[in-house]
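Going by our numbering, the sequence shown opens with residue 101, and the numbers climb by one from there.
If you are wondering where the hints come from, they were derived from the structure by calculation, not from laboratory data. One thing to keep in mind: the hints can contain errors.
Simulated pairs of lysine-lysine, BS3-like, Cα-Cα distance not exceeding 30 Å [unchecked claim]:
{"#": "1", "residue 1": "LYS369", "residue 2": "LYS443"}
{"#": "2", "residue 1": "LYS333", "residue 2": "LYS398"}
{"#": "3", "residue 1": "LYS333", "residue 2": "LYS192"}
{"#": "4", "residue 1": "LYS369", "residue 2": "LYS398"}
{"#": "5", "residue 1": "LYS471", "residue 2": "LYS398"}
{"#": "6", "residue 1": "LYS443", "residue 2": "LYS461"}
{"#": "7", "residue 1": "LYS333", "residue 2": "LYS300"}
{"#": "8", "residue 1": "LYS443", "residue 2": "LYS471"}
{"#": "9", "residue 1": "LYS217", "residue 2": "LYS186"}
{"#": "10", "residue 1": "LYS217", "residue 2": "LYS369"}
{"#": "11", "residue 1": "LYS459", "residue 2": "LYS369"}
{"#": "12", "residue 1": "LYS186", "residue 2": "LYS205"}
{"#": "13", "residue 1": "LYS205", "residue 2": "LYS217"}
{"#": "14", "residue 1": "LYS457", "residue 2": "LYS443"}
{"#": "15", "residue 1": "LYS217", "residue 2": "LYS192"}
{"#": "16", "residue 1": "LYS217", "residue 2": "LYS333"}
{"#": "17", "residue 1": "LYS333", "residue 2": "LYS207"}
{"#": "18", "residue 1": "LYS443", "residue 2": "LYS459"}
{"#": "19", "residue 1": "LYS205", "residue 2": "LYS300"}
Estimated spans, in silico, between C-beta atoms of each pair [to be verified]:
{"#": "20", "residue 1": "LYS192", "residue 2": "GLU249", "range": "38 to 44 Å"}
{"#": "21", "residue 1": "GLN193", "residue 2": "PRO440", "range": "40 to 46 Å"}
{"#": "22", "residue 1": "ILE473", "residue 2": "ASN260", "range": "30 to 36 Å"}
{"#": "23", "residue 1": "LYS192", "residue 2": "THR303", "range": "43 to 49 Å"}
{"#": "24", "residue 1": "ASP399", "residue 2": "LYS300", "range": "21 to 27 Å"}
{"#": "25", "residue 1": "LEU216", "residue 2": "GLY277", "range": "41 to 47 Å"}
{"#": "26", "residue 1": "ASP407", "residue 2": "TYR463", "range": "17 to 23 Å"}
{"#": "27", "residue 1": "SER380", "residue 2": "ASN178", "range": "23 to 29 Å"}
{"#": "28", "residue 1": "ASN175", "residue 2": "THR366", "range": "34 to 40 Å"}
Built from N, CA and C at the ideal position, the CB exists for glycine as well.
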Amino acid sequence: MPYKYNRIIMNAVYSNLFRSFVYAAFIVLLSFCSADLSVQQETQLTGESLQAVQYSMVFIIHGDGDYVYHDTIGNEYNADEVTVEKAQAIAKQNPYAEVFIFHQKPKRHFLFFFPLKDGEFYYYRNGQLIVNESYWRDQEQSNLENELEYYRHFRADNKNEMVNMFLYFGHEIPELGGVGYDVSYPERAFTIHNLANGMKDLTGVSSRFDIMILSTCYGGTPYTIGTLGAFSKYIIASPENLHLSYFDLTLLERLDLSSNYGDVQTFTKRFAQQAFERLSGEIQTAVSVVVYDVDQVKDYYQSVYTDYDNTLRTIRGDSRFYPATVEQCDCWDIPNFTRPSIKLGVDVFYRPARFGKAKNKNYHSGWECWKNIE
101 MPYKYNRIIM NAVYSNLFRS FVYAAFIVLL SFCSADLSVQ QETQLTGESL
151 QAVQYSMVFI IHGDGDYVYH DTIGNEYNAD EVTVEKAQAI AKQNPYAEVF
201 IFHQKPKRHF LFFFPLKDGE FYYYRNGQLI VNESYWRDQE QSNLENELEY
251 YRHFRADNKN EMVNMFLYFG HEIPELGGVG YDVSYPERAF TIHNLANGMK
301 DLTGVSSRFD IMILSTCYGG TPYTIGTLGA FSKYIIASPE NLHLSYFDLT
351 LLERLDLSSN YGDVQTFTKR FAQQAFERLS GEIQTAVSVV VYDVDQVKDY
401 YQSVYTDYDN TLRTIRGDSR FYPATVEQCD CWDIPNFTRP SIKLGVDVFY
451 RPARFGKAKN KNYHSGWECW KNIE
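Using the sequences and the accompanying hints, generate a full structural model.
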């Protein structure tokens, strides 16, 4: 066969192969980006098979950062993915609950050019998965607007009282600055103020969550509790470093607060105690888990607000990174923050580190502040 005809045939073959490849890539891209509805349809939400909802849980699990850890035998895990699995297990084991799970993922691309959706939403009702859908996280401001749309659309229209819980899992949330919290969006900021704006839209004008679980490092500061306390009656948080930023969630399985705990306050204390006991048995660093009764601690955080705010702005400016000249400490160790009301409304579970300069510190106020070490 003449060379020119052979070349024409080969070019046609390569052209067809390229078109086939592009077509296959397009199909795969659509499968990544399209909604992945679960085995049940949204229309079934009003079906007679659904039972009354007594508990509502909202999980926001931040995974757009370094959450890799290794177990004692070297196996590698992503802490955010492990938490998603735990949240799903909790959702399946609660026949009288609705559970929202939002997994905020790193930005990814297909074939280096096509952006993929960077959020995944799960909605469970009565132990059944109703919706599983990929979504775009907010590309402009970190105000959780896209997550809020899902919440507004699927939340149970329940005339009976429910126990409402909000759970956030991730790195320490900056109180000022916040640029770079999302690795995929280094110019975008996320702060306690942004989270508070999202919670305000979740709760509405006059209502509050019963329990907020802030599973991050250094969540027990006067500013954080004061800001988020407007949206929850009780807050469970750690005023110090929290190992892997995750609490034990076993008590959320098969919830029956009235029979097992009597009331919400008793449950929060038991949850904090179990989380504390689990961490104490696993790590050698300091362990602190605190329950804040928001109405009772209000006098304290309001009395120190001006001092704390001035300190925060002085030492941190507009950066999320800590200067080398300051460090976090127990508010009890700073005279301006040692007030009679510091002990009111806090249930503190604390164990000092097994080593280091603070190994003999046997008391913690439950509040975390900043001090200059120069």
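Checklist entry - So which of the earlier hints does this model not fit? => result 10, 16, 17, 20, 22, 23, 25
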